[in-house]
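Enquirer: Now for the letters of each chain:
4 protein chains.
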Amino acid sequence: MKDVNAILLISCPDSKGIVAQISNFIYRHDGNIVHAAQHTSKDDKSFFMRVEWELNGFALKREEIPAAFAPLADKLNMKWDLYFSDFVPRIAVFVSRHLHCLHDLILRRSMGEFNARIEAVISNHTDARELAQQFGIKFYHFPIDKDNKDRQEEKELKLLQDLNVDLVVLARYMQILTNKFLACYPYKVINIHHSFLPAFAGGNPYQQAYDRGVKIIGATGHYATEKLDEGPIIAQDVIKISHRDEVADIQMKGKDLERIVLARALRLHLENKVLVCGAKTIVFE
Amino acid sequence: MKDVNAILLISCPDSKGIVAQISNFIYRHDGNIVHAAQHTSKDDKSFFMRVEWELNGFALKREEIPAAFAPLADKLNMKWDLYFSDFVPRIAVFVSRHLHCLHDLILRRSMGEFNARIEAVISNHTDARELAQQFGIKFYHFPIDKDNKDRQEEKELKLLQDLNVDLVVLARYMQILTNKFLACYPYKVINIHHSFLPAFAGGNPYQQAYDRGVKIIGATGHYATEKLDEGPIIAQDVIKISHRDEVADIQMKGKDLERIVLARALRLHLENKVLVCGAKTIVFE
Amino acid sequence: MKDVNAILLISCPDSKGIVAQISNFIYRHDGNIVHAAQHTSKDDKSFFMRVEWELNGFALKREEIPAAFAPLADKLNMKWDLYFSDFVPRIAVFVSRHLHCLHDLILRRSMGEFNARIEAVISNHTDARELAQQFGIKFYHFPIDKDNKDRQEEKELKLLQDLNVDLVVLARYMQILTNKFLACYPYKVINIHHSFLPAFAGGNPYQQAYDRGVKIIGATGHYATEKLDEGPIIAQDVIKISHRDEVADIQMKGKDLERIVLARALRLHLENKVLVCGAKTIVFE
Amino acid sequence: MKDVNAILLISCPDSKGIVAQISNFIYRHDGNIVHAAQHTSKDDKSFFMRVEWELNGFALKREEIPAAFAPLADKLNMKWDLYFSDFVPRIAVFVSRHLHCLHDLILRRSMGEFNARIEAVISNHTDARELAQQFGIKFYHFPIDKDNKDRQEEKELKLLQDLNVDLVVLARYMQILTNKFLACYPYKVINIHHSFLPAFAGGNPYQQAYDRGVKIIGATGHYATEKLDEGPIIAQDVIKISHRDEVADIQMKGKDLERIVLARALRLHLENKVLVCGAKTIVFE
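Chains as they are written, first to last, in our numbering: chain A, 1 to 285; chain B, 1 to 285; chain C, 1 to 285; chain D, 1 to 285.
Each hint should be verified, as a subset may be incorrect.
Treat identical chains as interchangeable: a pair holds within one or across any two.
[Stated by the list, open to error] Straight-line Cα separation of at most 25 Å, BS3-like style, residue types lysine-lysine; simulated pairs:
{"hint": "1", "residue 1": "16", "residue 2": "61"}
{"hint": "2", "residue 1": "42", "residue 2": "75"}
{"hint": "3", "residue 1": "188", "residue 2": "155"}
{"hint": "4", "residue 1": "180", "residue 2": "155"}
{"hint": "5", "residue 1": "16", "residue 2": "253"}
{"hint": "6", "residue 1": "273", "residue 2": "45"}
{"hint": "7", "residue 1": "280", "residue 2": "158"}
{"hint": "8", "residue 1": "253", "residue 2": "45"}
{"hint": "9", "residue 1": "273", "residue 2": "42"}
{"hint": "10", "residue 1": "280", "residue 2": "227"}
{"hint": "11", "residue 1": "253", "residue 2": "240"}
{"hint": "12", "residue 1": "273", "residue 2": "253"}
{"hint": "13", "residue 1": "16", "residue 2": "273"}
{"hint": "14", "residue 1": "42", "residue 2": "16"}
{"hint": "15", "residue 1": "273", "residue 2": "240"}
{"hint": "16", "residue 1": "79", "residue 2": "188"}
{"hint": "17", "residue 1": "273", "residue 2": "227"}
{"hint": "18", "residue 1": "253", "residue 2": "280"}
{"hint": "19", "residue 1": "280", "residue 2": "79"}
{"hint": "20", "residue 1": "158", "residue 2": "42"}
{"hint": "21", "residue 1": "75", "residue 2": "45"}
{"hint": "22", "residue 1": "42", "residue 2": "240"}
No lab work stands behind these hints, which were simulated from the structure alone.
The structure presented is a predicted model; accordingly, all values stated were derived computationally and were not measured.
Put together the whole structure using the sequences plus the hints.
Expert: See below:
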């Protein structure tokens, strides 16, 4: 159990002594806190906390923690999730024809930037097949037209279940997922949108940016939710452009942004640093 | 005439030999080009150029240049403007209650960053009176309510004419100017909008940004035109925020942006580096 | 005592249960923590914490806190400082001939960005006199030549004591303070250096940047210490430049950076968010 | 010859009429200029220009251009280079054990971001072998120890000649090339240094950055020259870090920078947008 940490993500109504009671719980069982961060939302008097401690030396076995923590959680009316740093989530990457984000995720995975396993590449096209297979990742092709969407999504969901997928990453997947699909993976679908949301939501944002004559473009990593492009934002970044940039130049500059922002959003999620609070996120960087 | 430069801003249909013919015109009269930049818009086959040369040694007197240049301009079907670097435009700054942009403009003016003269501060409130007067600038108060707007604007326009104002700067002026006003100063009214347009157009953009949970905020310097917040963008910049930033924090961070972006947009305009092309700008930085 | 917070800045050897014991101390006396952040330096097994709680409802009077906290502090071998959010520090601003940072500090002060009082402007030149007096701040002139430096610094120190100055801000002060002076204000002298340290330490950094042909320039806000330009860094920022930027352009761009970075460093210090750890800082933003 | 452009990179002593004479040369032969940019260095009265025009419709064949241009070039005492946009340079990528930059170059090449051919991957280690071969690129292993460096470099040079390599990219190659090697490829060796030069030149810059406690790190793409880390800078970029970033975190953040900055520097070079001027570059973006 050496070097493994436990992580609690907590949200509850604000009250006095929350930090003390949570840190006491860990201290009482001989835990050594390595990171702790908290936030109080004044809007709705909510308290959020992320606390990470070493399992090494901790008096409770990992499977004993939930039962031991439950009384305090109940008393403070918490929503809470417990994670362990040695858990390796299984990811399915959805992609259409642009492969740069997929390529980037594969590179980062191979460099050890992510503690995750890319279990499958799923696409409505076949462009990604060769790349996936070059790196030994299974590729699944679900072509989608106006008539078969629900049927194909059901097959995709079945596949995700069979593969025990924990997280779906939309790495420039140009199909809109149905609410039914999203309901199966609440806050477990991360999308990269190639604009600085809420500017240029919807299709072809680089063309929109060009037409509007903005001097900066952006990319947004967010949880996909029912309302397209309105899910809680995890990460954003921007880059300058000028009148000399044609749409193709903007797309090329944007690709760098998309890769970086998607990777950042994904890493924050995988490190259990993101708490969703309504339409927004708390990111404990 | 030492150290004075002439500047031509040109737009015309694209064709072969434009650069050659323009630079020949200058060379033929013994002019020394110190800066030249051009751009071709592929969308509509338009050509844009900014060329700056030394009057010192130039064979034509400044008042002779227009007549000498006109034949070439006509031949190439140009829209063109001629400026001289020793011209000191007269600016009127419109402001409401937030004074940071006004304060910043005064500072930059005193440091010599702008070659311009702040002729008047005009406001629908009186908050700016003391600051303006501290620095010897005339202050004019035009209170505006729902009934008197047109009447007050007429007085403002009269004042601007009396003062020979060349350029209007809206330095956080919270009233919407009428089309009639704007028509008197086409592309001569520069506004700072406190968001990264087109995101969060309209009122209270920092509150909007907070509610949406974006991770970056921005500011936009643009020409004010009939459609509010849709004028050609001159400059934009952004800064990161996080869930820890309350609306007041976002406002404070935004103030730095507003000051910098407004100053940048204004300086580009004063240096005759901005050409308007439909809803967009060409900025020859 | 409404709305006043107490802030503890703590550093001590790392051990289990520190967060629990500190938060218990506050909870036991009915305190409501509004912010808490901690950091463990793996290099030397040190623990750092900033905790802020409401005095309103707290069982101890502010003057009773030190004695009540001392036993825990001793047990954990802490270095600690206690602050109250209603304390208004008295600042002396040292400046030479460039006034943009001073101007900026005055503006921010008047907008309420800083909870501090600019008690004096001190200069080896007289350029700042008018500006200071325009805003009702006392101006003191201590001309410095190669022979009188120690004598003048003694007078300055005497003045700072008479004025009960808590913090010295070097807002483009071009004289090097002696170690004797700095020893009187340990980590209470904040300097703005107009480069991205450690690049271009020493004199004339913008010229150095120009000569080297860098594509980005920076500014650094740091505590002044005995080794010039090697004090702990509080804040840095950068801006892009190009071959088109002459030294004068670089200076102008740099001025914006200097103002923003100095203000950021100062605000972090005034909000008691900076802990010094050897040659480095922990900044609890 | 459709869609192929000719590009002239020119430097010469400044004088009147250079732009006119060069653009006349092109116009006289029916050329259509698509981009033109110029710069005058006030330091040494030098003039720099990049001009690009369409070969389609140009009256001279590409092989006739040098002879036709030579008289003007001689008259104005120019150094000049002529390029054609359909030329596909052959690149050798040198790499040691960190593969992210190599991986990135391969990705960008496959996306068509570069108009170049990666002819060989050359390394003093074998880590890159598999990646290179996965993408069908020849891999060459030249192990280097303290005794064999000159001998191995000679073999490398021989290989580069055999492969007709036009450009060498040091994509995190941890050996220092000898002056003899560099003399064979003047301004044809592009290196990525993982710091914001001139800060943290030499080895292990991320450790240096960590030890100094800077709040921003950078990366620098530059031509490799005799003086290590002092070659003309083509591109730089930065990213923020904090006290929470351990050296490993800094390295991870830095990898993104290195990839982007190396790609930007390489693309600017491949698009013939970089002119070297002493220790600096003119970059016609």
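Enquirer: Quick check: which numbered hints come out false for this structure?
Expert: Violated hints: 5, 7 and 20; rest satisfied.
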